[in-house]
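S.K.: These are the residues of each chain, in order.
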Amino acid sequence: MDFRTILDPIISLGGMGLIFGAGLAYASQKFAVEVDERVTEIRNVLPGANCGACGYPGCDGLASAIAEGKAPVNGCPVGGADVAAKIGEIMGVKADAQDKKVAKVLCDGDITKCGEKFQYEGIQDCVAAAAVQGGSKACPYGCLGLGSCVEACQFGAIEIVQGVARIDPEKCTACGKCIEVCPKNVIDWVPYKQSVVITCNNKDPGKIVRGICEVGCIGCRICVKNCPTNTIEFENNLAFINYDNCTNCFTCVEKCPTKAIEGNLEIKQRLGL
Amino acid sequence: MSLFVIIISGILINNYVLSRILGICPFLGVSKQVETAFGMSMAVTFVMTLAGVITWLAQTYVLEKLGLGYMQTVTFILVIAALVQFVEMVIQKFSPTLYQSLGIYLPLITTNCAVLGVSILNIKEEFGLLETTVNSAASAIGFGLAIVLFAGIRERLELSNIPEAFKGFPIALFTASLMSLAFLGFAGLV
Numbered sequence: 006m007d008f009r010t011i012l013d014p015i016i017s018l019g020g021m022g023l024i025f026g027a028g029l030a031y032a033s034q035k036f037a038v039e040v041d042e043r044v045t046e047i048r049n050v051l052p053g054a055n056c057g058a059c060g061y062p063g064c065d066g067l068a069s070a071i072a073e074g075k076a077p078v079n080g081c082p083v084g085g086a087d088v089a090a091k092i093g094e095i096m097g098v099k100a101d102a103q104d105k106k107v108a109k110v111l112c113d114g115d116i117t118k119c120g121e122k123f124q125y126e127g128i129q130d131c132v133a134a135a136a137v138q139g140g141s142k143a144c145p146y147g148c149l150g151l152g153s154c155v156e157a158c159q160f161g162a163i164e165i166v167q168g169v170a171r172i173d174p175e176k177c178t179a180c181g182k183c184i185e186v187c188p189k190n191v192i193d194w195v196p197y198k199q200s201v202v203i204t205c206n207n208k209d210p211g212k213i214v215r216g217i218c219e220v221g222c223i224g225c226r227i228c229v230k231n232c233p234t235n236t237i238e239f240e241n242n243l244a245f246i247n248y249d250n251c252t253n254c255f256t257c258v259e260k261c262p263t264k265a266i267e268g269n270l271e272i273k274q275r276l277g278l
Numbered sequence: 059m060s061l062f063v064i065i066i067s068g069i070l071i072n073n074y075v076l077s078r079i080l081g082i083c084p085f086l087g088v089s090k091q092v093e094t095a096f097g098m099s100m101a102v103t104f105v106m107t108l109a110g111v112i113t114w115l116a117q118t119y120v121l122e123k124l125g126l127g128y129m130q131t132v133t134f135i136l137v138i139a140a141l142v143q144f145v146e147m148v149i150q151k152f153s154p155t156l157y158q159s160l161g162i163y164l165p166l167i168t169t170n171c172a173v174l175g176v177s178i179l180n181i182k183e184e185f186g187l188l189e190t191t192v193n194s195a196a197s198a199i200g201f202g203l204a205i206v207l208f209a210g211i212r213e214r215l216e217l218s219n220i221p222e223a224f225k226g227f228p229i230a231l232f233t234a235s236l237m238s239l240a241f242l243g244f245a246g247l248v
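Chains as they are written, first to last, in the working numbering: chain F, 6 to 278; chain H, 59 to 248.
Since the hints were made in silico from the structure, they are not lab data.
Since this is a predicted model, take the numbers as computed values, not measurements.
There is no bait here: all hints are sound.
The list that follows gives simulated cross-link-like pairs (lysine-lysine, DSS-like), each with its CA atoms no further than 25 Å apart:
1) Lys264(F) - Lys208(F)
2) Lys230(F) - Lys260(F)
3) Lys35(F) - Lys151(H)
4) Lys75(F) - Lys151(H)
Just the calculated beta-carbon pair ranges, DEER-fashion:
5) Gly57(F) - Glu93(H): 18 to 26 Å
6) Thr233(H) - Pro262(F): 53 to 61 Å
7) Gln124(F) - Ile79(H): 43 to 51 Å
The beta carbon of each residue, even a glycine, is placed where N, CA and C say it ideally should be.
Using the sequences plus the hints, can you model the full thing?
M.R.: Following this line, the structure appears as structure tokens:
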């Protein structure tokens, strides 16, 4: 066997590789780009979901914006205070803790409490269902419970319980994807610390609400009258709480005749109120 | 074959994207904006022309001299990979924005079949060095023409009223096939 049949390809290919390698090594020095080390460090601290809740194109975009000083160190709403503190360390500034917000489904009318207008057997998706007469739910404002938000959530924080979506405030990162996708606009921001929330979105008069849902806001204004700090207001036949002044005293929760106001004792206990 | 015929053939008749259906990856991936499409076509033009010339030299003066024709693919990929790395460095240095918007598609020129296709077809057609250079450049310009035209159409598609199910890639593929049909009209030119 001719020895050169093996040697020739090795030498020719290896030689070419060597020449190109040397050329690239020279070029990489000549065209070296200085990268801010902090960008990589910040990028490593960020959650990496690339959800875009910060307003920048992905985590890389936010990382370089923070390093350049264009974005605040607490710019990532998903990472919250922990991430902000870490980024603050990298950037050498103290991070202001942002008041954490979470998404909340403002509807408690599950299948046992709110009926159906008709039987829907189409595509199992809220957006599709809402296109048919606004969905099959008796309440035109309520959660359809087909889980478009569950699919939109990248953090697995939403599940459907008895036909109504529930968001786990511990897992919610406030990226806002569910709020964007919900065709009923029944999901809204609620402060993480807030334990008293009006879980009804129906803006119809009380008489109609009473006919379709057991736990709807019927516009009786008992909560408004009984609130010790006057933080509950009334608009479009629906009560709403001004979260800034609410003391989470639970008076309205106890007084509400239809139990349309949710009082979460867990949150109250956790905060030691 | 005269150089004029090679140029017309490379750009219009045997357009790499629309007639030979090679290099579809960047054609669909980087054609959302005319500006980035233009940047991409420039990068591809550079890589394709240079790759065509260097692979021709490697084939003629190394592989054929040593009787190593079977190493063609390996050698060509090596040449293209090195060139792409070089282009990547240059773009990162001189236009970070373009570098960002090209993203993963820039290193993917390495395995772009259009680039390898040009290199191999140059050898197959038994072109000389001048013809190789012209053919590579013309093919690259054809690629650029297709991707820039396509990006222009896609920019307008963004603003058009398209059925929900067709938004994004489906309508882009329809458009690409219609463009391909339109370019078929050049087939009888020469």
